[in-house]
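Asker: Chain residues, written in single-letter form:
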Amino acid sequence: MLLGMKGIVKRYGNTLALDDLEIQAKSGEILGIAGPNGAGKSTMIRILAGEETPDSGQILIDGEPWTNRSDEINVAVVHQESQLFPNLTVAENLLIGRETNRIMRPDIGSHESMMMEKLGIHGHADSVLGRCSLLVRQLCEICRALVKDAEVFLFDEPNSALTEDESKKLFEQIHMLKESGKIVILVTHRLRELSIHADRVTIIRDGRNTCTIEKEELSEHRLAEAFVVAEKKSGYLRRDTTGHTMTDILLQIRNFRHHAGVFKNVELDMYKGEVLAVMGVEGSGGRELLRSVCGLDLCKGEVTLSGKQNRSFLLESLHFLPASRRNSLFYHLSICDNLVMRLDSPEIAYCWGYLKSNQIEEISNRSRDKYNILLSSIGQSITSLSGGNQQKVAVAGILNKNPLVLVLEEPTRGVDIQSKADIYHFIRDYTSSRNCGAMVYCTEVSEVFELADRVVVAKDGKLSDSLNINDYSSTEELARKIAKLQ
Amino acid sequence: MENIKRGGLKSRILARLQVTSGVFIATILALIFFSIANPHFFTWINILGILRAMSALAIMALGELLVIVVGEIDLSVGAVYGFTAMLLGILWSNEISIFLSFPLALFSSIVIGVIISLLVIFVKIPSFVVTLGMMSLMQGVTMLICDCRSISPAYLLPQGFEHEVAFFNSMAHLALPFNIPAQVVWMIIIAIIISILYYKFIFGFRLRAIGGNLGASRLLKLPVVKYKIIVFAISGLLSGLAGILDFAFIGTTNPTSGSTLTFPVFAAVIIGGASLSGGKGNVLGTLVAAALLAVLSNGLSLLNVGAFGQLIFTGVVTIGAVALDTMNIGKKIQKS
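Residue numbers (the numbering used here), protein chains in the order written: chain A, 1 to 486; chain B, 1 to 336.
Accuracy of the hints is not assured; some may be wrong.
To be verified - Derived DSS-like pairs: lysine-lysine, alpha-carbon spacing no greater than 30 Å straight-line:
id, chain 1, residue 1, chain 2, residue 2
1, B, LYS124, A, LYS308
2, A, LYS401, B, LYS221
3, A, LYS370, B, LYS226
4, A, LYS26, A, LYS148
5, A, LYS6, A, LYS178
6, B, LYS280, A, LYS300
7, B, LYS226, A, LYS169
8, A, LYS300, B, LYS200
9, A, LYS356, B, LYS221
10, A, LYS26, B, LYS226
11, A, LYS168, A, LYS308
12, A, LYS300, B, LYS221
13, A, LYS264, B, LYS221
14, A, LYS370, B, LYS124
15, A, LYS459, B, LYS221
16, B, LYS221, A, LYS462
17, A, LYS6, A, LYS264
18, A, LYS356, B, LYS280
19, A, LYS6, A, LYS215
20, A, LYS462, A, LYS233
21, B, LYS221, A, LYS272
22, A, LYS308, B, LYS226
23, A, LYS356, B, LYS124
24, B, LYS226, A, LYS356
25, B, LYS221, A, LYS370
Derived by calculation from the structure, the hints in this document are not laboratory data.
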């Protein structure tokens, strides 16, 4: 069987999520899909799963347009986070929605129990799904798809939160599916998994496929290069910082340990005036490290900032910008309110709490000019801005607070190229002019290359030695090195 | 570079009025209707009566407003109202000076608010559950301390307490120019304080932020815990104060008083333009909504409709107001 997506276009408002996407998958092979954030991978998954209809384009099965999507061929999506019912047992999850008897609670049939045995989850049949391990939850999802006779299996970052052992077991099952003649599509950021398990990898960017790498030339290096080419570069040129001597230590992290064990014994130094990037796939502990440094996750260890370990000083001096704008902006408030939200007395209020409305206006107007935010009135709702301008407001909000250390999680997620370059400029300008530091979690090598002075790579809760960006002449070279460490 | 103004005071007040225009129109319509239906309705005496009758409701609603804006809920306001009044009655009739028992009773209402907030924040019980439990618990405690009897201190106190009784009565009764009872002045002063706190202080600014996006507020290190404690404490305090003022006006308090107030308080806040999901509320709208409920109650009783009419109308108005609100939101989403 041959599954094809041809000329798929999907628009959300003004943004073109998919633009003439073409994908070919054969039964009996694993097709890998990779691409930077916002490339359109999740839209593609939703369209294949039938959750969305494309604006134009066709999905073809063996060359025939696939119109009747209801029962003939089932597409099963195994998500990062399981989409099943956590309050039901594994067996009940297999049955729900497929009850043949309308009145009585159905019993598990021989077909289902055989499938469960095949996947090795029969021992969990009567345990509540929410209490099972993530692997069992994902296997349950596969099992549910198998009993429904699904032909196409989509895996969306399936092993990001699994341990090495668990991922091995999961991939064994994925290969079993492939051998039984199913179409398997694997969407992941993890280049190593793609190079090991996939038969072909299609890289998508800006909603279209840029290239497809065949089995013969599939390697981590080749993927890392193709991946970097697919990333949107902002074109922002860093000032050369070779003259900048990194000698004074600003932040020192010793023996740092996350309460849930996501990372252990992390040691990290950050110099004054530098932008330090942290990379790492999901589950590597990179994201958690940033949150923990800011005191948002429970942690043990020593964090020394400018020679001080005082906790309230740390909380005051380290400010965090989350990746999702839903967590950094207040959509029910105005632009002006969002710009000054982190401030306190004396900047926006007297010590007895009365707001200084003139100051608020002044700060907002200054931020608007300095950070190049396109707006008609600072009192207008934040939702009226474009994504790029919204993100600039979020960045301006944290810069207005003047923290000693900026801690930024994907500061340019989902913004246009111009805003990206602007944001890089604001961050670098801030750290170099004030001799402050910035710790940035990045998912794209081009962001690291354009923004950072040094990068550390997190893997399985440990940090690599830092790489100096100036030692690398091109993004591709850096990408190869980072791929090796990931 | 020219500065873009946020808009002057006048336009901001107009904007606030616009948000609650529905309540205003409803109130004006109700006023016109009852004025035509009954000649005794639109008289100064009756208007003062309405203002007096709405004052306890409005004071409690202002406290509840802050709780709802921060994204929580307080169902115990009516029980705290009854408890505080009863506690004052018991203390005072046991010959503890009003000047001591009054602050003590108010303090107890603050303590109840703080206990609620601590259970919500640290034990992580939803405020709906905590305050629902607290409502029943406080009603029980009220009955326990008074032995299920009404208390009329003026008849229980010995000689020598006359000036204290006079002082207590004057807290609600004292006639100011135009015969405005003191209780109405309490309401106005509290409304002014709350609206300044809500619109002009960093407290209100952050309160709206916390209620609208709790996750972001935590990540931005806004003082979420402190603010929630303060808000529940204010709600407790204002419920207690409302109870004491009504007690001073009527001169007697019974163990179940206040239990019928929980719903109207809630209704006033919601009709007044607050969003149950938090982050949004309107002080003026809440006051007008309290007035609307008082007008309905007064007007319907003048028309001899009976108690059922008032309950039916309050219910209809509450559901109708929220329905209008959600339909508006639906339109806004469609537009964007």
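Asker: Now tell me, hint by hint, if it's right for this structure.
Answerer: Tested hints:
| no. | hint | result |
| --- | --- | --- |
| 1 | B:LYS124 to A:LYS308 | violated (33 Å) |
| 2 | A:LYS401 to B:LYS221 | holds (12 Å) |
| 3 | A:LYS370 to B:LYS226 | violated (34 Å) |
| 4 | A:LYS26 to A:LYS148 | holds (20 Å) |
| 5 | A:LYS6 to A:LYS178 | holds (23 Å) |
| 6 | B:LYS280 to A:LYS300 | violated (38 Å) |
| 7 | B:LYS226 to A:LYS169 | violated (48 Å) |
| 8 | A:LYS300 to B:LYS200 | violated (40 Å) |
| 9 | A:LYS356 to B:LYS221 | holds (21 Å) |
| 10 | A:LYS26 to B:LYS226 | violated (59 Å) |
| 11 | A:LYS168 to A:LYS308 | violated (44 Å) |
| 12 | A:LYS300 to B:LYS221 | holds (20 Å) |
| 13 | A:LYS264 to B:LYS221 | holds (25 Å) |
| 14 | A:LYS370 to B:LYS124 | violated (42 Å) |
| 15 | A:LYS459 to B:LYS221 | holds (29 Å) |
| 16 | B:LYS221 to A:LYS462 | holds (28 Å) |
| 17 | A:LYS6 to A:LYS264 | violated (47 Å) |
| 18 | A:LYS356 to B:LYS280 | holds (21 Å) |
| 19 | A:LYS6 to A:LYS215 | holds (22 Å) |
| 20 | A:LYS462 to A:LYS233 | holds (28 Å) |
| 21 | B:LYS221 to A:LYS272 | holds (24 Å) |
| 22 | A:LYS308 to B:LYS226 | holds (26 Å) |
| 23 | A:LYS356 to B:LYS124 | violated (35 Å) |
| 24 | B:LYS226 to A:LYS356 | holds (22 Å) |
| 25 | B:LYS221 to A:LYS370 | holds (25 Å) |
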